[in-house]
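Based on the provided sequences and hints, a complete structural model is requested.
In the order they appear, the protein sequences are chains A and B. For reference, each letter of the first sequence is one residue, going 307 to 616 in this note's numbering. For reference, each letter of the second sequence is one residue, going 87 to 363 in this note's numbering.
In short, the hints are calculated from the structure, not lab data. The beta-carbon is built from N, C-alpha and C at its ideal position, and this holds for glycine as well. Mixed in with the good hints, there may be bad ones.
[Stated by the list, open to error] Under 7 Å between C-beta atoms, here's a sample of chain B residues computed to sit facing chain A:
1. V112
2. V168
3. A177
4. A184
5. A186
6. I211
7. N308
8. L310
9. A335
[Stated by the list, open to error] With a cut-off of at most 20 Å between alpha-carbon atoms, the simulated EDC-like pairs for lysine to aspartate or glutamate come out as follows:
10. B:K306 to A:D576
11. A:K460 to B:E258
12. A:K460 to B:E129
13. B:K306 to A:D475
14. B:K223 to B:E129
15. B:K223 to A:D371
16. A:K460 to A:D475
17. B:K306 to B:D221
The lines below spell out each chain.
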Amino acid sequence: MTLAPPTPGTDRAARPRRGPRGRAGEGAAGYAFLTPILVLLGVFVFVPLAGAVVISLQRTNGFGDGTFIGLDNYGRLFTDPVFWRSALNTTLFTIIVTPLSMALGLGAAVLLNSVLPARGVFRSILIVPMAISGVATALIGVLAFDENSGIVDKLLRAVGLPAISWQSDGTAAFVSVVLVTLWWRVGFNMLIYLAGLQGISPAIYEAAKLDGASGWQRFRYMTVPMVGPSSFFLLIMNVIYSFQVFDIVFVLTGGGPQNATSVLVTYAYDTGFEVRDQGYASAIGVVLLVLMLGFTAVQWRISRTRDLVE
Amino acid sequence: MTTISRRGRTGRRLRVALAVVVSAVVLFPLYWMVVVAFSTRSELLGGEFRLWPQTLTLQNFRRVFDSYPVLTWFGNSVAIAVVVALISVAASLLGGYAFALLRFRGANTLFLVTLSTLMIPVQVIMVPLFGLVTDLKIYGSYWAVILPTAASAFGVFLARQFIIGIPRELVESARIDGAGHLRVFRSIVLPLCRPLIAVLFFMSLLQTWNDFAWPLIALKQNELFTLPIGLLYLQGQFGSDYGGTMAFALLNVTPMVVLFLVFQRYFVQGFARTGIR
Chain A
307 MTLAPPTPGT DRAARPRRGP RGRAGEGAAG YAFLTPILVL LGVFVFVPLA GAVVISLQRT
367 NGFGDGTFIG LDNYGRLFTD PVFWRSALNT TLFTIIVTPL SMALGLGAAV LLNSVLPARG
427 VFRSILIVPM AISGVATALI GVLAFDENSG IVDKLLRAVG LPAISWQSDG TAAFVSVVLV
487 TLWWRVGFNM LIYLAGLQGI SPAIYEAAKL DGASGWQRFR YMTVPMVGPS SFFLLIMNVI
547 YSFQVFDIVF VLTGGGPQNA TSVLVTYAYD TGFEVRDQGY ASAIGVVLLV LMLGFTAVQW
607 RISRTRDLVE
Chain B
87 MTTISRRGRT GRRLRVALAV VVSAVVLFPL YWMVVVAFST RSELLGGEFR LWPQTLTLQN
147 FRRVFDSYPV LTWFGNSVAI AVVVALISVA ASLLGGYAFA LLRFRGANTL FLVTLSTLMI
207 PVQVIMVPLF GLVTDLKIYG SYWAVILPTA ASAFGVFLAR QFIIGIPREL VESARIDGAG
267 HLRVFRSIVL PLCRPLIAVL FFMSLLQTWN DFAWPLIALK QNELFTLPIG LLYLQGQFGS
327 DYGGTMAFAL LNVTPMVVLF LVFQRYFVQG FARTGIR
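Here it is as structure tokens:
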């Protein structure tokens with residue numbers, strides 16, 4: 307530490323300052339330290355968020371002032387098939403991608419945490435997709451799943467399987483979005499699980515082995531519970547990510563064919579910036595946010611009750 | 087005894103084989119991007135399936151560089167990412183210090199409010215945010231991207247987790263010696279935070295470099311584009327010219343992949359030390 311020892315004079319002057327004023331000083335310091343982040347978040351997140359709620363109550367066209375129409379935009383949502391399709395797709399995407407990327411991430415982490423030659427190289431390879439932009443990832447996907455010249459269909463045909471209409475068949479398009487996302491996201495899940503696994507002492511595995519626990523039993527009854535905190539963190543992060551998925555869908559499929567891969571975020575973007583119906587777009591956004599809040603609240607509750615039970 | 091060791095050996099071979107297969111699946115799309123970027127147009131249009139190109143060419147790169155201000159876009163990406171990373175690291179460290187070490191009224195609420203912004207997709211607030219940057223007269227400048235991107239709730243969260251791990255006695259004793267919080271922050275916490283700073287800086291750099299949704303709105307003029315926006319724009323112009331698109335994608339991807347591979351050890355360690363496990 308480079309702090310100078312206090313000189314007697316300043317010491318006496320400093321001492322009475324601690325006590326009530328010291329605590330007040332801590333409060334002032336707290337707010338002062340938080341000022342930059344709170345100003346940034348306040349101005350560029352919360353002010354626009356309040357704006358979005360206000361705009362969602364308006365009829366708008368272009369970027370002029372709108373007229374208030376109450377909850378009409380929200381009412382419109384009920385009879386809008388594209389909205390329902392997008393809401394369903396967002397939910398499906400979340401329900402499919404979250405557990406799959408966590409399971410694959412945990413599997414890869416366990417594999418690459420075991421004794422293995424060139425373990426570091428394998429780890430590096432698996433996390434490389436994390437460094438690649440969503441747009442580039444999606445364009446590689448476009449290249450891979452092209453119906454005329456895509457490498458995936460060429461590979462399928464090369465091994466004697468029929469080609470798949472990745473671009474014109476809705477289900478296949480949805481699957482391609484999921485596959486590209488998994489390629490992109492599993493590395494992150496593996497990384498967090500690896501950090502979690504490194505906190506577990508190998509000695510307890512040895513003990514379990516001596517007691518005759520099988521590999522699966524050790525995984526199921528030791529590894530899985532012990533990486534619980536990582537799982538909870540990843541559950542929250544994956545759900546947040548899945549609800550907000552944009553780059554991949556926007557670039558890979560554009561929400562098509564016939565809205566088969568449209569999600570709430572791409573629908574909100576199209577409505578706000580292509581159709582320029584900002585009021586309705588904001589209403590879609592607010593609904594998305596409420597859905598996410600609900601999902602996250604449920605996760606909190608479940609994890610807390612589980613903590614109490616175990 | 088021998089059966090156990092034999093079983094151990096086949097288990098090991100199985101694991102190696104599995105690791106090789108998984109790595110191949112992960113690497114193949116990247117390999118294919120490189121192949122396409124260096125392939126001639128005629129070869130890409132050919133129907134048959136080849137795992138490697140017959141001839142390598144730079145014509146895709148030449149075409150992209152001739153048609154688009156690629157170097158300007160590259161410079162924009164660097165400038166925006168570096169400035170965002172600097173602001174974001176500073177704001178995250180200060181915020182993390184406050185949430186980790188200081189007690190004040192409303193601290194928990196403010197922390198939850200900060201974290202809750204993670205749930206707000208930029209698409210939800212895009213319309214008013216667009217109006218806001220127009221009102222602030224920064225629309226059409228770098229700042230229109232930089233300022234809304236710089237506030238990182240996740241950065242604050244990581245910083246708090248890391249700083250909580252710093253022994254409290256260090257901070258307390260400096261306080262008793264009469265150091266103010268700014269002093270404690272600067273001479274005690276910051277030097278201990280080097281791995282954290284590296285993680286935060288790199289994470290922010292990576293995220294901003296790859297960011298897409300908001301820059302797509304905020305950067306309407308061609309000459310202000312960042313690489314991902316330029317990439318999409320170019321794809322729109324080039325259509326299914328995969329050679330050109332992949333050549334440009336490679337320019338977008340390579341710097342971050344290299345940085346990532348060079349610094350990944352520190353990155354992983356820094357991540358682990360923030361106590362997320």
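Among the hints numbered above, which are violated by the structure, and what are their numbers in rising order? Going through the list in order, the structure violates hints 2, 5, 7, 8, 11, 13 and 14 and respects the others.
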